[in-house]
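Fit chain P with the ligands to the given chain A structure using the hints.
Residue numbers (the numbering used here), protein chains in the order written: chain A, 38 to 410; chain P, 2 to 336.
Here are the simulated lysine-lysine pairs, DSS-like style, with alpha carbons at most 30 angstroms apart:
#, chain 1, residue 1, chain 2, residue 2
1, P, K313, A, K92
2, P, K168, P, K117
3, A, K92, P, K189
4, A, K317, P, K48
Now the stretches of chain P that chain A is said to cover, found in silico as 3 or more residues with beta-carbon under 8 angstroms:
#, region
5, 60-73
6, 135-141
Please keep in mind that the hints were generated in silico from the structure rather than gathered at the bench.
Note that the coordinates shown come from a computational prediction; the quantities given were computed from them, not determined experimentally.
Virtual Cβ for every residue (Gly too), placed ideally from N, Cα, C.
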Amino acid sequence: MATTRRRTSSSRSTRRPEAIPPGSAHVAEPLDLRGALRDMTLIRLFEQEAERQYKRARIGGYCHLAIGQEAANVGVARGLQPQDKLLSSYRSHGFALARGTAPTGAMAELFGREDGVAVGRGGSMHLLDPEHGYFGGWGIVAGQLPIATGMALAGVKQGENLAVLCELGDGAINMGAWHESLNLAAIWNLPIVFAVFNNGYGMGTTVDQASAEPELYKRAAAFRMHGERVDGQDVEAVYEATARLMTRAREERKPAVLEVMTYRLRGHSVADAGTAYRTKEEIAEWADKRDPIALVTERLVADGITTEELDAITAETQALVDEAVAFAEASPMPDVSTLADFVYGDPNTAEQFSRMAPGSPAGEEQLLAQLVA
Amino acid sequence: MAAEAVPAIETMTYREALRLAMREELERDPSVFLMGEEIGVFQGSYKVTGDLFEQFGPERVMETPISEEGFVGAAVGAAMSGLRPVVEIMTLNFIVVAMDQVVNHAAKVRYMFGNKVGCPMVIRTPNGAGNQLTAQHSQSFEGWFANVPGLKVVAPATPSDARGLLKAAIRDDDPVLVIENLQLYKAKGEVDTSVDGAVEIGKAKVVREGTDISLVGHSFAVTRALHVAEKLQADHGISAEVVDLRSLRPLDMETVAASVSKTNRALCVEEGWASYGVTAEIASRISLACFDDLDAPVGRVGMAEVPMPYAKSLEDAALPHEDKILAAALEVCGA
Ligand SMILES: Cc1ncc(C[n+]2csc(CCOP(=O)(O)OP(=O)(O)O)c2C)c(N)n1
Ligand SMILES: [Mg+2]
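If we strip away everything but chain A, and leave its shape as in the complex, we get:
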């Protein structure tokens, strides 16, 4: 019957759909592979530490890890120019770190401390770093798409030479916001690349079950927009495609969809074991053969990197993660007196609105006292 689960065998291949990709006139600088490995290692170690700290209850709430997706994170981040803007889903740690956010501020945010990047207000899902062009970590699936579209619009209106990269998951593609945002981006010729991180699952739902066109990049065609697919475990390939499409967006005001084929080696969040809806063999297959860090390391070894140099990368990034934990531990919990800070920007209106609370000291209580007097 039509409504039962479909088990189509959509191709998860990473073959490029076109021989000469659009924007190929723009040849990107070759990727600094060592730098990429360093960033990917930092993310891996940071995420492993976050997982440990979550289990020790130092981190709370939802915590979505990027383990397995490091090449996708680093590939897109390195494909951006400094003035470009990046938005993503709640799986935000890898994006912040790849864009250059200090691990100290990121970890302190996960710990809910005052020195966190969002001053302890946002937590794991809502990392951000405007100075590095990272505009968040958003928690409502596909909520970031229209916002990213608006940032691209603002870039055009303000005459800036920038493009926006908006990450979303394979699950998010089925929200109405996808349709509306892509259509707007297309009719307004906005400089934006929608990077669909296809990790095979939205929670426990496969792409085949959720998407009538499981080759997701093809859905760009509905908007006469260019779409292509790239191997998300290959950091060079992700970098090359991103840099090319972002340059094309910036210079020709052409939006695009980039489907990044990747895999999360952990569950949807730390609370999900990630084994109820996929096989151990499948996970092992990706862990053993498609681990992005192993793949880039192999390439560097072939290029002649030494064991000492590799060890130095691990040591340097581990030290950063250790420092981040020490920093987060030392950072104070936000003081309760600051609870109402930041609800509004203007301190005068903030005072006014704090009276909204029923029976608040500045509101009804005072009023009653005056009436009684």
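Chain P with the ligands alone, transformed into the frame defined by chain A:
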């Protein structure tokens, strides 16, 4: 009449009671079916649907993509066509992307089309905060829906009411929003499984008798109020009555007013923001219905008027914790 049923009191969790209600209704009525994200193989994001997918299969327990506006609207269409869809929205926060279908469509069908067609659908979804889920995942804005004529809104606080109100909602001929609660899912209580157990929508319940003050709330606020009532008795010798609203629209003011006329004092409590909230409605109605009986202005407690912060220290300060409710109750009592 059949022989009198032997009571079979079972202790179960709130989530098990909800699952039982769905199982019973799926078995009773072939027009009932479930829809929602991750309600099948994954057993529900909060494991409410559990093994129902296994028992009833993918036609009766339909897994959906992340497309709330689409599948809530599809439920409206299915309901208008004679089916009885029961839609799970993973948490109340995500219903906002389907708000248009709920408020502009489901709620309007019967009236706008002159009673020529109805919309017998259920949306079940948890509100609640307290696990550091932060601003976009910690909201309790059921008051928005209780504001809308055409919708019914219920909010059970116990396993028994969870089963009973969900069953009544599924049998109701109009759209019903069933507000569940994240903290309550694991709460245990007694359920009499020998009886049908449907609970009439629109009836509040006095869940603790008292003489000095009425604590009025719904959903998890009832649990908090019950704890506060114990403290009021133990530490202050104040006898608090607790009224569980159970249904926000329709609202049973008779039960609330009867309680307040007896205790002469009232404190209204809710998990969400109190401004323009459920407590605002209740307090206003108490002030009118019990004007001559009140010994003090009606008090209200809700969440701090901020988006929910992440940090534990701030989240604790923002939640309508029992110490806040206690302080407000003492104030209403002039103690
Ligand atoms: C509108 C909305 N519906 C449901 C959710 C709950 N939810 C959070 S993440 C998620 C799965 C998203 O999957 P995908 O887009 O593939 O991203 P991934 O987690 O794989 O990175 C769901 C259903 C939500 N946050 N927002
Ligand atoms: Mg996914």
